[in-house]
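**Student:** Each chain sits in its own coordinate frame; assemble them with the hints.
Protein chains in written order, with numbering that gives the first Met the number 0: chain V, 0 to 90; chain F, 0 to 329.
The calculated DSSO-like cross-link candidates involving lysine-lysine, where the alpha carbons are at most 27 Å apart (straight line), are:
#1 V:Lys34 to F:Lys107
#2 F:Lys51 to V:Lys26
#3 V:Lys26 to V:Lys40
#4 F:Lys127 to F:Lys79
#5 F:Lys301 to V:Lys40
#6 F:Lys245 to F:Lys301
#7 V:Lys33 to F:Lys129
#8 V:Lys33 to F:Lys105
#9 F:Lys225 to V:Lys40
#10 F:Lys107 to V:Lys40
#11 V:Lys40 to F:Lys113
#12 V:Lys26 to F:Lys23
#13 F:Lys320 to F:Lys245
#14 F:Lys108 to V:Lys26
#15 V:Lys26 to F:Lys107
#16 F:Lys127 to V:Lys26
#17 F:Lys129 to V:Lys40
It should be emphasised that the hints constitute simulated quantities derived from the structure, not laboratory data.
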Amino acid sequence: MRVVVFIGLLAFGLNAFAKIDFVEYVKRNRNVLKKSVELPKTTAFKEINPYRGVASMTDALPEGESKESTSPSSSENSASSSEDSDSGPNK
Amino acid sequence: MKALLVGIFLLWSAHAFSNPRFEKLAEEQFANAQYREAIDTLSKDAERLTEKGYLILAASYSEIQEYDNELRILGILSSKDSGNYQWKMLIGQSHLKKSRFSKIEKVKKDEETKAIQSFRETLQSNPKFKPAYDQLLEIFLQREESHEARTLLASAIQQFGPRAQWLNKLCELQANDGFLGPAETTCRRAIQISPNFPDNYVFLSQSLMDQKEEGKAQKVAMYSGKRFPSSEFAQWGAGQVFLLIKNFEAAIKYFGNAIHVNSESMRAHLGEAEALFQSGEQSRALGHFKKACDLGARNSEKLHVRAAELRIKGDEDLGNKYRSLAETCR
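So here's chain F without its partners, still in its complex pose (with noise of 0.2 Å):
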């Protein structure tokens, strides 16, 4: 017991005190928010950083947005390890942060570039580290490539099994993008590990009504709108399920739920405007309309429509005041 004690405490004696003092400093510096500090100690024996040194370097250029600096230092840890996926994903980290915070376009968009390969080359030294499929996974997000999106997440899943966010977001690309049969298994599984994540029932609803289920696509959507009375998505995928359907009545009942629960919910004020008109209620419709034109819908084509319409039936009067809605709504 004695030796173990003594073996335990020489190991963590000799990693505790394994970097040189300068580095000891330059820590406390950084831990303090003392970025410049950090840096100019560690400049001063910069032949004797260890890799803890160089880390702390690095960091301390990122903390003050050196980000050129940042990559030349992670660039020298890297040469010297080069199979290492941590330097990788370091370097990936680095670029993307120099291309989000560059306002010079092709810069923006060449890091970026430079970050997917950085993250990818991640991924192919470590397959198991998760966080180089989140950073990729945000990336092909906020860049909308949609087939590059489901082409990680299917083999995030596949590595790590199907953890809740990711099945949350393939079930939504794949109802989207029309892969109809995957989305519905993937939404249920979805819907299984998080039944309290409203957007997965709209996208389960979705691909039952593009797979012409409308029966099944009903339920969800009923079920959906009673569990989550809150959620201004579940509302209004409840009311575009019923629309599509032609259930005015039950349409305008859940677009009116989503314009209680978010009153400046565009999409909200369009359905009900759409299930007004198409159930006879056209003055109603109107005041949807507008306001949705104060959202800033741009339906001006579809407005012409409706006042055609009016003017056939022989409403003049109400198919003028489409009209006009129609011009300033462009």
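Chain V with its partners taken away, still in its complex shape (with noise of 0.2 Å):
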């Protein structure tokens, strides 16, 4: 009995020595991604003299265009996973 259980933690382990999977790919995939990319700067209130490369926000829709949803209030409790965060560039 005891043998049938450590044969098969030694497959187990073999199994989980696997290096490469496809959510690992895909993580590996963001993280060379993630360095690569340059998010624009946050801004608002139709900044005075906005940051150069900044888009203009003079071209803002009108109130009432909107046609999309503003999401079922429904999934309000299932909220935040454990990796949603609350800070961000401007805390």
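**Tutor:** Shown next, in the form of structure tokens:
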């Protein structure tokens, strides 16, 4: 019995040795891509003199044109996951 | 119990020893960052590769930045199982890596477009695959394609519920794009989920100001100004609200706080300069206009107007100083 458990654990150990799978591959890619991306700086209030390279917001759409959902309130409780963050560049 | 353990053992064993020996070797080489060796090992028996072998091969090519080869191998995997979202996702990421690391503008653009297409296909195959949303969102934000980003975020929130990082971004985009009602709702929900993220308060006060709800905006600005003393954005945002409602004293205080947090904040110096100028302290304002100019502000036109205003008022001397700054700040 103990031998069976030992061999089973050994086999599991060898399997866990796997170094690359789909999830790991996606993660590696994400890390590479994150380093290479430069997102625009956060801005608001149609800054008097926006940072160069930041899009002008003078072409803002009028209120009421949005048809997008503001997402279902029923999902309020599912809130944030462990990787959700409430900190940011402007904190 | 014994039978169950034996069964589990057999399953594990079968799985653990299912890959050919040369693939195990390649995997070890990959784990030891010997990517060329892994490619050589796998190439010798390329016709016998399992799915895992192809994956190691593609990942090895990725590590040495041979994205064309990575795409070729992923293409083989995909052709064997065309409905599998995993290959579409990896193909999308490979196109994106190729785009980001290319120096040729056309390649950059074309590969990014292919990446977007692949990520969209990934989501069609598996609408519950969150990394594809994140990857697409990152592209749209970088390209400043706000409409696409908002649509994607709404769909992601519908699929997964209101995750903090998505709500925060949607609050910002809706507020800045002028979707005032939805922005107010989204920002309030974002604040509920991420009460420590200052940006949401700034965008909420902005959307309230845009809806002419000055009293409410002022309350939010005061609250966020007090709650986030070390956030340049929150202090600057509060300053903006008070500048817009012409409470220059309060605006000067908040812009001053923002400068205290970050003395290199161009927008805070501009805000401080505006508030000081409008409150009658034009001489002090000039120093902040100058600092903003040093930090990259190009507001020559505005400074010429200020110079003219001062000359009309009879302050020729200060007006000339403003005109002189306007000449250099272009």
